[in-house]
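Number of protein chains: 2
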Amino acid sequence: MKQDVYAVIFISTFSDTTEGYLEMVHQMEDLAKKQPGYLGIESARDKKGITISYWESLEAIKAWKQQSEHILAQKKGIKDWYSWYKVQICKVEREYEFLKS
Amino acid sequence: MKQDVYAVIFISTFSDTTEGYLEMVHQMEDLAKKQPGYLGIESARDKKGITISYWESLEAIKAWKQQSEHILAQKKGIKDWYSWYKVQICKVEREYEFLKS
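Same order as they appear, the protein sequences are chains A and B. For the first sequence, our numbering gives the first residue as 1, with consecutive numbering after it. For the second sequence, our numbering gives the first residue as 1, with consecutive numbering after it.
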């Protein structure tokens, strides 16, 4: 049976302070990889940042949101780094891929 | 009743040729905005590009995929610009937002 995949889309704009930001991003990526139900992550950043993490279930997403170090990172993000962000929890209905041969 | 929202996640890596790429991106964004069922677009680009477009229905997504100028752009993308891409069709289950006051 095909596995369910959920995507958490995180889109953000930045405030003037970016000190410590990239270190925290890398820490959180390393931490996310250790979470149960983690499937992968994609990100790109210019004026906005978009990060999409993939998970096996809504429960796995909820557990990651409530992970204690991640909570500290979220608070720091709100206090220092982000002027705006939006989070969207999505179910991946289907996907396809192209690879240049 | 709450409106359905579908997200098309498009993640890509680039080949060496980027001539004409940004012009085409802007043309396609302008064109997408005129499509029935279009709700919005977000994008960010560094080593990878991530573009997420939002739609009212799977039918609207299908119609956009088959729009004639968009088909030409897809072919040009495969021929010239992308070394890899992945498309994921998702249903947005819920979302929340933060805006710094």
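A couple of the hints might just be wrong.
Note that the list lumps identical chains together, so a pair holds whenever it fits in one copy or between two copies.
To be verified - No more than 25 Å apart at the CA atoms, straight line, and that leaves these computed lysine-lysine pairs for PhoX-like:
| hint | residue 1 | residue 2 |
| --- | --- | --- |
| 1 | Lys34 | Lys100 |
| 2 | Lys2 | Lys75 |
| 3 | Lys86 | Lys76 |
| 4 | Lys79 | Lys100 |
| 5 | Lys76 | Lys100 |
| 6 | Lys75 | Lys86 |
| 7 | Lys47 | Lys100 |
| 8 | Lys100 | Lys75 |
| 9 | Lys76 | Lys2 |
| 10 | Lys47 | Lys62 |
| 11 | Lys100 | Lys86 |
| 12 | Lys76 | Lys91 |
| 13 | Lys76 | Lys65 |
| 14 | Lys33 | Lys75 |
| 15 | Lys62 | Lys100 |
| 16 | Lys91 | Lys79 |
| 17 | Lys2 | Lys48 |
| 18 | Lys2 | Lys79 |
| 19 | Lys100 | Lys33 |
| 20 | Lys33 | Lys76 |
| 21 | Lys86 | Lys2 |
| 22 | Lys48 | Lys33 |
| 23 | Lys2 | Lys47 |
| 24 | Lys100 | Lys48 |
| 25 | Lys91 | Lys65 |
| 26 | Lys62 | Lys75 |
| 27 | Lys91 | Lys33 |
Bear in mind the hints are in silico, worked out from the structure with no lab data behind them.
Here is what the structure says about each hint:
1. Lys34 <-> Lys100: neither (32 Å within a copy, 31 Å between copies)
2. Lys2 <-> Lys75: Result: close neither inside a copy nor across copies, 36 Å intra and 30 Å inter.
3. Lys86 <-> Lys76: Only inside one copy: Lys86 and Lys76 sit 16 Å apart there, 32 Å across copies, limit 25 Å.
4. Lys79 <-> Lys100: between (43 Å within a copy, 9 Å between copies)
5. Lys76 <-> Lys100: between (41 Å within a copy, 13 Å between copies)
6. Lys75 <-> Lys86: within (15 Å within a copy, 32 Å between copies)
7. Lys47 <-> Lys100: between (29 Å within a copy, 17 Å between copies)
8. Lys100 <-> Lys75: between (41 Å within a copy, 12 Å between copies)
9. Lys76 <-> Lys2: For Lys76 and Lys2, the Cα distance exceeds 25 Å both inside one copy (37 Å) and across copies (32 Å).
10. Lys47 <-> Lys62: neither (28 Å within a copy, 29 Å between copies)
11. Lys100 <-> Lys86: Intra 33 Å, inter 12 Å, cutoff 25 Å: inter-copy only.
12. Lys76 <-> Lys91: neither (28 Å within a copy, 30 Å between copies)
13. Lys76 <-> Lys65: This pair counts as within: shortest intra-copy Cα distance 14 Å, inter-copy 40 Å.
14. Lys33 <-> Lys75: within (20 Å within a copy, 35 Å between copies)
15. Lys62 <-> Lys100: between (36 Å within a copy, 24 Å between copies)
16. Lys91 <-> Lys79: This pair counts as neither: shortest intra-copy Cα distance 30 Å, inter-copy 30 Å.
17. Lys2 <-> Lys48: Answer is neither; intra-copy 33 Å and inter-copy 27 Å both fail.
18. Lys2 <-> Lys79: Cα proximity of Lys2 and Lys79: none, with 40 Å in one copy and 32 Å across.
19. Lys100 <-> Lys33: Neither. Shortest intra-copy (28 Å) and inter-copy (29 Å) distances fail the 25 Å Cα cut-off.
20. Lys33 <-> Lys76: within (21 Å within a copy, 36 Å between copies)
21. Lys86 <-> Lys2: Result: close only across copies, 18 Å inter versus 29 Å intra.
22. Lys48 <-> Lys33: The answer is both: 23 Å in one copy and 20 Å across copies each meet 25 Å.
23. Lys2 <-> Lys47: neither (36 Å within a copy, 31 Å between copies)
24. Lys100 <-> Lys48: between (28 Å within a copy, 15 Å between copies)
25. Lys91 <-> Lys65: This pair counts as both: shortest intra-copy Cα distance 17 Å, inter-copy 20 Å.
26. Lys62 <-> Lys75: within (16 Å within a copy, 39 Å between copies)
27. Lys91 <-> Lys33: both (19 Å within a copy, 24 Å between copies)
Of the numbered hints stated above, those contradicted by the structure are hints 1, 2, 9, 10, 12, 16, 17, 18, 19, 23, listed in ascending order.
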